[in-house]
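Sequence lines, in order, name chains A and B. Per this note's numbering, the first sequence starts with residue 1, numbered consecutively. Per this note's numbering, the second sequence starts with residue 256, numbered consecutively.
Be careful, since some hints might not be right.
Straight-line distance between alpha carbons at most 30 Å, and here's what the computed DSSO-like set of lysine-lysine pairs gives [what the hints assert, rightly or not]: (1) K133/A to K327/B; (2) K108/A to K171/A; (3) K63/A to K45/A; (4) K466/B to K73/A; (5) K26/A to K55/A; (6) K79/A to K278/B; (7) K354/B to K45/A; (8) K67/A to K278/B; (9) K111/A to K278/B; (10) K108/A to K275/B; (11) K79/A to K283/B; (12) K278/B to K157/A; (13) K79/A to K474/B; (14) K108/A to K327/B; (15) K108/A to K283/B; (16) K73/A to K283/B; (17) K283/B to K133/A; (18) K207/A to K18/A; (19) K278/B to K45/A; (20) K207/A to K252/A; (21) K157/A to K67/A; (22) K354/B to K133/A; (23) K474/B to K67/A; (24) K111/A to K288/B; (25) K79/A to K466/B; (26) K55/A to K79/A; (27) K55/A to K275/B; (28) K45/A to K474/B; (29) K275/B to K73/A.
Honestly, the hints are just simulated from the structure, not real lab data.
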Amino acid sequence: MIEVKDLHKSFGEAHILKGITTSFEKGKTNLIIGQSGSGKTVFLKCLLGLFDYEKGAIEYDGKIFSKLSDDEKRNLRAKIGMVFQGSALFDSMTIAENVMFPLRMFTKHSKSEMQDRVDFALQRVNLEGAHNKMPSEASGGMQKRVAIARAIVNNPKYLFCDEPNSGLDPKTAIVIDNLIQEITDEYQITTVINSHDMNSVMEIGEKIVFLKDGLKAWEGSNKTIFKTDNEVVTDFVYSSNLFKKVREMYLKDYK
Amino acid sequence: MTYLHNIGSYFLMIAEMFRKPTKWTVMKQLILKDIDDLIIGSLGIVAFIAFFVGGVVTIQTALNITNPLIPKYLVGFATRQSIVLEFAPTFISIIMAGKVGSFITSSIGTMRVTEQIDALEVMGINSLNYLVFPKFISLMLYPFVISIAMFLGIIGGMAACVYGGFSSLEDYIIGIQTEFIPFHIVYAFIKTFVFAFILATIPSFHGYYMKGGALEVGKASTTSFVWTSVVIILLNYFLTQMLLST
Numbered sequence: 001m002i003e004v005k006d007l008h009k010s011f012g013e014a015h016i017l018k019g020i021t022t023s024f025e026k027g028k029t030n031l032i033i034g035q036s037g038s039g040k041t042v043f044l045k046c047l048l049g050l051f052d053y054e055k056g057a058i059e060y061d062g063k064i065f066s067k068l069s070d071d072e073k074r075n076l077r078a079k080i081g082m083v084f085q086g087s088a089l090f091d092s093m094t095i096a097e098n099v100m101f102p103l104r105m106f107t108k109h110s111k112s113e114m115q116d117r118v119d120f121a122l123q124r125v126n127l128e129g130a131h132n133k134m135p136s137e138a139s140g141g142m143q144k145r146v147a148i149a150r151a152i153v154n155n156p157k158y159l160f161c162d163e164p165n166s167g168l169d170p171k172t173a174i175v176i177d178n179l180i181q182e183i184t185d186e187y188q189i190t191t192v193i194n195s196h197d198m199n200s201v202m203e204i205g206e207k208i209v210f211l212k213d214g215l216k217a218w219e220g221s222n223k224t225i226f227k228t229d230n231e232v233v234t235d236f237v238y239s240s241n242l243f244k245k246v247r248e249m250y251l252k253d254y255k
Numbered sequence: 256m257t258y259l260h261n262i263g264s265y266f267l268m269i270a271e272m273f274r275k276p277t278k279w280t281v282m283k284q285l286i287l288k289d290i291d292d293l294i295i296g297s298l299g300i301v302a303f304i305a306f307f308v309g310g311v312v313t314i315q316t317a318l319n320i321t322n323p324l325i326p327k328y329l330v331g332f333a334t335r336q337s338i339v340l341e342f343a344p345t346f347i348s349i350i351m352a353g354k355v356g357s358f359i360t361s362s363i364g365t366m367r368v369t370e371q372i373d374a375l376e377v378m379g380i381n382s383l384n385y386l387v388f389p390k391f392i393s394l395m396l397y398p399f400v401i402s403i404a405m406f407l408g409i410i411g412g413m414a415a416c417v418y419g420g421f422s423s424l425e426d427y428i429i430g431i432q433t434e435f436i437p438f439h440i441v442y443a444f445i446k447t448f449v450f451a452f453i454l455a456t457i458p459s460f461h462g463y464y465m466k467g468g469a470l471e472v473g474k475a476s477t478t479s480f481v482w483t484s485v486v487i488i489l490l491n492y493f494l495t496q497m498l499l500s501t
């Protein structure tokens with residue numbers, strides 16, 4: 001479980017995060033949603049320790065991240081899997097080498113044990129036989145799946161995904177969403193996803209934190225988001241014509 | 256203020272580069288890969304330039320010695336002095352600032368733009384040690400490149416001298432042996448080690464701390480070349496002043 005308490009972050013004069021308090025639960029897919037510029041990416045980077053923050057605390061299973069020693073931070077980070085928006089695969093390595101990378105860095109497994117883990121992770125994301133391809137030879141969807149395989153290969157306790165569906169067609173996006181949800185359930189990982197994709201919200205939003213102008217505007221789940229009367233949330237959710245029409249139809253039937 | 260900030264960041268980067276070392280099994284492979292990219296990959300162009308510039312230095316020297324009282328072996332002497340003292344260590348380093356420097360800046364800069372450096376940091380890896388340290392170690396073999404440049408420069412001069420009819424082979428060989436001071440080789444290699452450090456760290460700094468997208472990667476490569484060259488020229492002046500003037 002990850003708990004965030006009164007988190008503040010500024011860049012110079014710009015106050016980006018203005019005191020966010022929330023928690024992300026184990027074994028659930030937790031979504032951070034909001035419009036572009038609402039502070040989602042900054043929030044995620046603070047959670048990952050890529051940005052320092054001025055005030056507040058982030059606790060990983062009761063341990064305050066900023067108070068950990070360098071070694072403790074290193075050990076904690078070895079338990080974190082991350083899927084970046086652009087996949088962030090290492091260009092100079094094959095797909096198998098990319099997936100093996102965390103094992104080579106943090107474990108003392110033999111080569112055959114590492115190979116077995118890589119085979120398992122690639123099979124888990126339906127990429128058997130792609131071992132020797134270079135990332136540049138893989139499609140966007142494949143690259144995302146490789147990034148997921150790399151993130152889960154070392155049995156992480158926490159999985160972070162930054163816009164995992166960006167640049168993907170709707171069908172592939174659903175495959176990626178379902179894959180993340182399956183992995184979260186299967187390994188009881190604390191998964192935090194940064195997204196503004198309403199399909200993801202509907203598919204896998206077991207817990208949703210809605211950010212607006214650096215503040216938490218709403219918190220709930222995919223079951224409650226369509227029933228809320230919070231104007232900020234409804235403006236965001238029903239901004240697309242498709243959702244507007246679905247809502248009108250729903251309200252008509254309801255009456 | 257920006258310059259001061261950058262200078263401070265540069266030295267902090269160097270200190271950070273030696274902290275939290277990467278696993279040796281991984282580092283070993285990174286070093287070997289960088290030796291291949293930065294050292295072996297540069298031998299061809301260095302050999303080509305050294306050979307022909309050596310020839311040009313000889314021709315220019317020979318054409319400017321018009322007084323019949325000046326012995327012909329001075330062509331070989333002047334070629335050796337120019338190549339060992341300045342051409343090989345300094346001129347080749349400027350060329351390497353373009354070739355190796357822009358390669359380092361663009362490869363690290365692209366990793367920054369595509370979040371690969373963030374991926375390393377998230378995994379708890381010291382990205383500066385992982386990316387810059389192997390380049391620094393592999394460039395410690397740079398004196399090997401410069402030795403080849405010295406040798407081929409002198410051979411190029413000899414070829415130009417003999418085949419151009421400027422002096423005999425015997426005169427040229429006497430010339431390159433005349434008044435040989437071993438410390439000049441030490442001086443050249445001290446400079447080479449200092450320039451190797453500059454070649455590894457300044458381009459890495461510009462790549463690592465760049466901001467923006469693909470266009471900025473190109474701009475960072477250009478800026479890195481300019482600054483690496485400027486620092487090499489300045490250090491060349493100070494090192495020459497310190498080591499040779501008595």
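How the hints compare with the structure:
1. K133/A to K327/B: 62 Å, violated
2. K108/A to K171/A: Since the Cα atoms of K108/A and K171/A sit roughly 39 Å apart, the hinted pair is violated (cutoff 30 Å).
3. K63/A to K45/A: With a Cα-Cα distance of about 18 Å, the restraint between K63/A and K45/A holds, given a limit of 30 Å.
4. K466/B to K73/A: Since the Cα atoms of K466/B and K73/A sit roughly 26 Å apart, the hinted pair holds (cutoff 30 Å).
5. K26/A to K55/A: 25 Å, holds
6. K79/A to K278/B: Since the Cα atoms of K79/A and K278/B sit roughly 17 Å apart, the hinted pair holds (cutoff 30 Å).
7. K354/B to K45/A: 35 Å, violated
8. K67/A to K278/B: 25 Å, holds
9. K111/A to K278/B: 15 Å, holds
10. K108/A to K275/B: 18 Å, holds
11. K79/A to K283/B: 25 Å, holds
12. K278/B to K157/A: Holds, at roughly 23 Å.
13. K79/A to K474/B: Cα-Cα ~37 Å, so violated.
14. K108/A to K327/B: 67 Å, violated
15. K108/A to K283/B: 16 Å, holds
16. K73/A to K283/B: Within the cut-off at roughly 25 Å; holds.
17. K283/B to K133/A: 24 Å, holds
18. K207/A to K18/A: 21 Å, holds
19. K278/B to K45/A: Distance ~26 Å between K278/B and K45/A Cα, so the pair holds.
20. K207/A to K252/A: Given pair K207/A, K252/A holds - Cα atoms ~28 Å apart, limit 30 Å.
21. K157/A to K67/A: 19 Å, holds
22. K354/B to K133/A: The given pair, whose Cα atoms are some 29 Å apart, holds under the 30 Å limit.
23. K474/B to K67/A: 39 Å, violated
24. K111/A to K288/B: The given pair, whose Cα atoms are some 20 Å apart, holds under the 30 Å limit.
25. K79/A to K466/B: 29 Å, holds
26. K55/A to K79/A: Given that 30 Å is the threshold and the Cα spacing comes to 25 Å, the pair holds.
27. K55/A to K275/B: This hinted pair holds, its Cα atoms lying about 27 Å apart.
28. K45/A to K474/B: 27 Å, holds
29. K275/B to K73/A: 12 Å, holds
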